Amino acid sequence: MTSYFIRRFMLIVPTFIGVTILVFAVTRLVPGGPIERMLQEAAMAGADVGAATTSFGGGASALSDEQIDELKAYYGFDKPVVLGYLEWLSKVVQLDLGTSTRYSEPVWDTIKDRFPISIFYGITTLILTYGVCIPLGIVKAIRHKTTFDNLTSAVVFFGYAIPGYVVAIALLTAFAGNLGWFPLSGFVSDDFDDLGTLEKIWDVTHHAVLPLMAYTAGSFAVTTMLMKNSLMDNLAAEYVRTAIAKGMAFRQAVFMHAFRNSLIPIATSFGSNITLILTGSFLIEQIFNIDGFGLLGWESLVERDYPVVMGILVISSLLFMIGNILSDICVALVDPRVKFGSGETSQ
Amino acid sequence: MPLLSVCDLSAAFDTEDGEVTVVDRVSFEIDPGETLGLVGESGCGKSVTALSIMGLLPKPAGRVVGGTVGFRDESLNDLPAERLRAFRGNRIAMIFQEPMTALNPVQRVGRQLAEAYALHAPSAGAAAVRSRVLELLEQVGIPAPDRRMAEYPHQLSGGMRQRVMIAMALASRPDLLIADEPTTALDVTIQAQILELLRDLQTETGMAILFITHDLGVIAELCSRVVVMYAGRIAEQATARALFAAPRHPYTKGLLASIPRLEGEPKTVLTTIPGTVPGVGELPAGCRFANRCPHGVDVCRERAPPLEGVAVGHDVACHRWRVVEAA
Ligand SMILES: Nc1ncnc2c1ncn2[C@@H]1O[C@H](COP(=O)(O)OP(=O)(O)OP(=O)(O)O)[C@@H](O)[C@H]1O
Ligand SMILES: [Mg+2]
Chain A
1 MTSYFIRRFM LIVPTFIGVT ILVFAVTRLV PGGPIERMLQ EAAMAGADVG
51 AATTSFGGGA SALSDEQIDE LKAYYGFDKP VVLGYLEWLS KVVQLDLGTS
101 TRYSEPVWDT IKDRFPISIF YGITTLILTY GVCIPLGIVK AIRHKTTFDN
151 LTSAVVFFGY AIPGYVVAIA LLTAFAGNLG WFPLSGFVSD DFDDLGTLEK
201 IWDVTHHAVL PLMAYTAGSF AVTTMLMKNS LMDNLAAEYV RTAIAKGMAF
251 RQAVFMHAFR NSLIPIATSF GSNITLILTG SFLIEQIFNI DGFGLLGWES
301 LVERDYPVVM GILVISSLLF MIGNILSDIC VALVDPRVKF GSGETSQ
Chain B
1001 MPLLSVCDLS AAFDTEDGEV TVVDRVSFEI DPGETLGLVG ESGCGKSVTA
1051 LSIMGLLPKP AGRVVGGTVG FRDESLNDLP AERLRAFRGN RIAMIFQEPM
1101 TALNPVQRVG RQLAEAYALH APSAGAAAVR SRVLELLEQV GIPAPDRRMA
1151 EYPHQLSGGM RQRVMIAMAL ASRPDLLIAD EPTTALDVTI QAQILELLRD
1201 LQTETGMAIL FITHDLGVIA ELCSRVVVMY AGRIAEQATA RALFAAPRHP
1251 YTKGLLASIP RLEGEPKTVL TTIPGTVPGV GELPAGCRFA NRCPHGVDVC
1301 RERAPPLEGV AVGHDVACHR WRVVEAA
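Same order as they appear, the protein sequences are chains A and B. Counting from 1, position 117 in the first sequence corresponds to residue 117 in our numbering; the numbering is continuous, with no gaps. Our numbering runs 1000 ahead of the 1-based position in the second sequence.
Okay, chain A solo, but in the shape it has when bound (with noise of 0.2 Å):
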């Protein structure tokens, strides 16, 4: 099984290697490509020096023939299409991204400065939504048809039924608009970095109790449902008699044998919800005013800032391959009938 999946981590070379080829053709073919886009602001930024804050390299306010020599080489377009995509694709390893045309910075430290921040809202949506999820469906299942079960599916999809943005308003209207008890916005307050550790903790919690029911709501219906079925055809798979015809009660029995096996769908999506969660929802992030990757991802579309687009392009694709490759991990860890690759016996 480790053979697999060391293979399967080579395999992200080629798959890789793809992507980047359909990110650099965008780059040549797309009319408004990121030189016309350059030369656009820079022309505009020459008719209107006081708005203009783009800045390359030295002071000047408008692109200098130079600069957009630069760009050009950036891209390759100077060089013929494969040898631009081979010198490109060595920057791109390097973390090279190119230069953000609206923030004027490597469009790395853009993303890189985006990371701590959907990570932490992606983790921490991933561990409630399972930790709820999971009990959730459990008793769901062994309780089926009772007031509990219709009520908490009739919360559950009612949070499915709304949009995640419409819960973001409501409860920021409600709860920190009206009652104020959480802030209106932000990922933490502007004192941040003269609080204390315990003090940043709890800082960091106020600011994120609402966005994460938000993120949430909308969520917990699929995997609580997922999580429900699964259990209950385990509860009437054979072998849970076969437990119960051993002298097991049946509460053990569903611990004991059909958990495991009804975790195996959650397994199976779990590297979609991965990557789902970290590249974030732009209209939550734009609601709550969080500096995230998909509130990053969605105004550098609005505002043609190709270099970033094409940056979490790839990074993006990157992390949906891993989530990949962990959820067949995953899937791996709960189902030993899962055999990876040839002439192995799973011992």
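Incorrect hints may appear among the rest.
Said to hold, decoys possible - Simulated restraints, written as ranges between beta carbons of each label pair: (1) A:ASN229 with B:ALA1150: 29 to 35 Å; (2) B:GLU1138 with A:VAL93: 56 to 62 Å; (3) B:VAL1188 with A:ILE127: 19 to 25 Å; (4) B:LEU1307 with A:SER153: 47 to 53 Å; (5) B:LEU1079 with A:THR197: 30 to 36 Å; (6) B:PRO1294 with A:HIS144: 57 to 63 Å; (7) A:VAL132 with B:ASP1017: 36 to 42 Å; (8) A:HIS144 with B:GLU1019: 34 to 40 Å.
Treat the hints as calculated values from the structure; they're not laboratory data. Here the structure is a predicted model, which means the values were calculated and not measured. Glycine residues also receive a C-beta, built at the ideal position from the N, C-alpha and C atoms.
Chain A is already provided as a structure; the job is to place chain B with the ligands on it using the hints.
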């Protein structure tokens, strides 16, 4: 004193057409060390009878609606859940038709076996449990048991899995083994091996077996007494010898006539019983076999026949058994 006495046991399921009784006032007894065969067509209620005895009917759709199940001097249907658990897997063990689905696919067979033993021997240490598991695997004829116990069910063949199921059932040296068509899912050579194993184990341990099958050939090989069921009711019960020599119920006669035989004239037409079993929703008021019976008369369609003694230990539920006999 019989080991197991089932008296007027009825079981029902909730279906779309309301509650349907699928096992109707079934009574029989099993003596210690005896093998009783329970035979009948698919759907006649054999498994439901067995599951009712074990208290394993699928909840909440199925339930026992009448009758008693006595084990030695205890009445199993009055027992609270945790007292009943002390019987299950301990005094009464059960094996099922599908050995693949009856084992937990994500747990090593050794662990599943260990669990069966440890449940009823809570004081046994890890070493004692392990040696008992090895002993059991050896007892059911699994080669290289120390290697096999570390495997998962999907790594074993169907026959091996059924052996594991049998080992699991034997874990606490039960007094009664209920075997619900344990060989139906296996191919013929493996079937013979499993039957032989069961017979050997019975001689070795002295346990009683309730053997459920639709194959009268298997009954002939294994059982001392037979209960024939038809559409949820007992049609006839007798010793195997008497049943094969002189069947009384027209249904039993039909069953026996439909066994292909090697001896005798080749290429004779294989007899079948014409018609089909009435579905659970369309059970007639009278004898349930009436619509397929060559001897059926009006009374058969009106009144359900009671079990009548034909001879000592031989009962039949047929209004016309005397007439049939003379014919
Ligand atoms: N879960 C259930 N819900 C509703 N009806 C059921 C259920 N299980 C069994 N039955 C009905 O009970 C009747 C008896 O079924 P049972 O499984 O006991 O048959 P069987 O004699 O064991 O047949 P087979 O030889 O196929 O195993 C059948 O008519 C079946 O339709
Ligand atoms: Mg059956």
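Each hint tested on the structure:
1. A:ASN229 with B:ALA1150: 29 to 35 Å: Check passed, 32 Å falls within 29 to 35 Å.
2. B:GLU1138 with A:VAL93: 56 to 62 Å: Because 59 Å falls inside the window, the suggested range holds.
3. B:VAL1188 with A:ILE127: 19 to 25 Å: Taking Cβ atoms as reference, VAL1188 of chain B and ILE127 of chain A lie about 54 Å apart, which means the hint is violated.
4. B:LEU1307 with A:SER153: 47 to 53 Å: 50 Å, holds
5. B:LEU1079 with A:THR197: 30 to 36 Å: Between LEU1079 of chain B and THR197 of chain A, where Cβ atoms are some 59 Å apart, the hint is violated.
6. B:PRO1294 with A:HIS144: 57 to 63 Å: Violated - the Cβ-Cβ distance for PRO1294 of chain B and HIS144 of chain A, about 48 Å, lies outside 57 to 63 Å.
7. A:VAL132 with B:ASP1017: 36 to 42 Å: 40 Å, holds
8. A:HIS144 with B:GLU1019: 34 to 40 Å: Since the Cβ atoms of HIS144 of chain A and GLU1019 of chain B sit about 20 Å apart, the hinted range of 34 to 40 Å is violated.
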